[in-house]
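**Q** Listed below are the residues making up each chain.
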Amino acid sequence: MTYTADEMMTVSAARALRDGMTCFVGIGLPSSAANLARATHAPSLVLIYESGTIGAKPDRLPLSIGDGMLAETADAVVSVPEIFNYWLQPGRIDVGFLGAAQIDKFGNINTTVIGGDYRHPKVRLPGAGGAPEIAASCREVIVVVRQNHRSFVERVDFVTSVGYGSGRGDRERLGLTGAGPKKIITDLGVLEPDPETLEFTLTGLYPGVSASAAKERTGWDLAIAPDPEIIAAPTPAELDALRRFQGTRARSHQ
Amino acid sequence: MAEIVSLAEAVERAIHDGDAVAMEGFTHLIPFAAGHEVIRQRRRDLTLIRMTPDLVYDQLIGAGCARKLIFSWGGNPGVGSLHRFRDAVENSWPVPLEIEEHSHAGMANRYVAGASGVPFAVLRGYNGTGLETLDGGPTIKPITCPFTGETLTAVSALRPDVAVIHAQRADRSGNVQLWGITGVQKEAVLASARSVVTVEEIVDELDPRPGAVVLPGWTVTFVARAPGGAHPSYALGYTVRDNDYYVAWDAIARVRDTFIRWLDDQLYAGRS
Chain A
0 MTYTADEMMT
10 VSAARALRDG
20 MTCFVGIGLP
30 SSAANLARAT
40 HAPSLVLIYE
50 SGTIGAKPDR
60 LPLSIGDGML
70 AETADAVVSV
80 PEIFNYWLQP
90 GRIDVGFLGA
100 AQIDKFGNIN
110 TTVIGGDYRH
120 PKVRLPGAGG
130 APEIAASCRE
140 VIVVVRQNHR
150 SFVERVDFVT
160 SVGYGSGRGD
170 RERLGLTGAG
180 PKKIITDLGV
190 LEPDPETLEF
200 TLTGLYPGVS
210 ASAAKERTGW
220 DLAIAPDPEI
230 IAAPTPAELD
240 ALRRFQGTRA
250 RSHQ
Chain B
0 MAEIVSLAEA
10 VERAIHDGDA
20 VAMEGFTHLI
30 PFAAGHEVIR
40 QRRRDLTLIR
50 MTPDLVYDQL
60 IGAGCARKLI
70 FSWGGNPGVG
80 SLHRFRDAVE
90 NSWPVPLEIE
100 EHSHAGMANR
110 YVAGASGVPF
120 AVLRGYNGTG
130 LETLDGGPTI
140 KPITCPFTGE
150 TLTAVSALRP
160 DVAVIHAQRA
170 DRSGNVQLWG
180 ITGVQKEAVL
190 ASARSVVTVE
200 EIVDELDPRP
210 GAVVLPGWTV
220 TFVARAPGGA
230 HPSYALGYTV
240 RDNDYYVAWD
250 AIARVRDTFI
260 RWLDDQLYAG
270 RS
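As you go down the protein sequences, you meet chains A and B in turn.
Take 0 as the starting number for the first sequence in numbering that gives the first Met the number 0 and just add one per residue.
Take 0 as the starting number for the second sequence in numbering that gives the first Met the number 0 and just add one per residue.
Fair warning: there could be bad hints in the mix.
[Claimed, not checked] Covered by chain A, per the in silico footprint, the following chain B stretches (three or more residues, Cβ under 8 Å): (1) 74-83; (2) 95-104; (3) 253-266.
The hints are simulated quantities; they were obtained by calculation from the structure and are not laboratory data.
Ideal placement from N, C-alpha and C gives every residue a C-beta, glycine not left out.
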């Protein structure tokens, strides 16, 4: 079966989730990936949306985190202060899924402003949302982002959410209780932090993607693992499940 | 006890030029009808507060109602950017827009502090982010725990002049009931000096609903009946998201001329 780079990225992100985990999910690609995981290898994955729905079991992709289906299928629905204070902050949640407009080699994320200065930016982005506390407090974080020179930068223009700061020891010094970003999943492959330096290193590539192509689409001098894993192409079952969900999203647009 | 009045009268009496106004509804029960009435009544110099400024705040900002925005995530959920918000921040159109931004956790806790009658809330968070140091952090400061000596973050309380929310129902005494995703509306109402609640319907009796938030009528200033008042957002049990509206808004708001035409045709038409 043929597939797109975005489908490969979503499948790759879904595979990073293990059955029985609790997962803090954002809308868009993270939601597609988490729902795909639940429909395939992780039926007991607990989906938590920042709108306060804990254990939501949507049978189609929600259009936003306010989708009534999330509340109607959840194990519990709590207020917004409660989801952040009682559920996210104490470190109860295994994995947080984040996107990024810019990300640097230590996994620090910008979703606030690009260019100019803060008061007069070239591009005003949506801002922080729940991301800073997801990055701080989930036991681990997975970032899903398309890889190119605009997104993979030497230095982010604004630190919205902290990855490893400027390197080893920074998370501890800052009192961030979660372990930080464990994977950056892109449309080319997968990056993981170097065990010593915590600098993100290319450790996996999708079929047909070269390490030099990944290096070329990175705004810093990308380190490449000695023998990057070739990640398996999506299986027909994964693609069927993903496309079934995408189809439901298209239908709920009507 | 809440007064049950028309939406126009509620806005007229509760919201004045220069007020700090929090219209809440966390992607569900967004008070669109009330926001549109504020635009029609041409309020100016408002400080608009909202965790997730989306279409209704793009409309208010584009119409020139706001001087300042206090928020944590500004976008068209599931679609993209808010073009009127961006035009205001990037180009000061139609008027300059001062911004004060937080994370969701920070904003939620600021409402909790306001509702609790204390000057600040404490959370783990912000450490190492750019938000922590913005403008010297007038609303975000480090604080040392008096018990453990840990450094945490204090965020200042939000005390809006007016909260505006949409709920499913009220009874004839102005007791308000909302359910489903209940967001931060209760905290916003209790943190504010006054409140306007629009409802889908006014009923004789509020039979219990699972997980419902009830705001007793004596905590609410005005209740106004506004069926469909959350359109195009969701109102669980009443209306679903009109996704075409969100998608169409992207094109309308992208260009000033099409936005002005929308404002004239959809909101100002038939009004002086």
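**Q** State for each hint whether it applies.
**A** Hint-by-hint comparison with the structure:
1. 74-83: holds (count 5)
2. 95-104: holds (count 5)
3. 253-266: With 0 residues close enough to chain A, the hint is violated.
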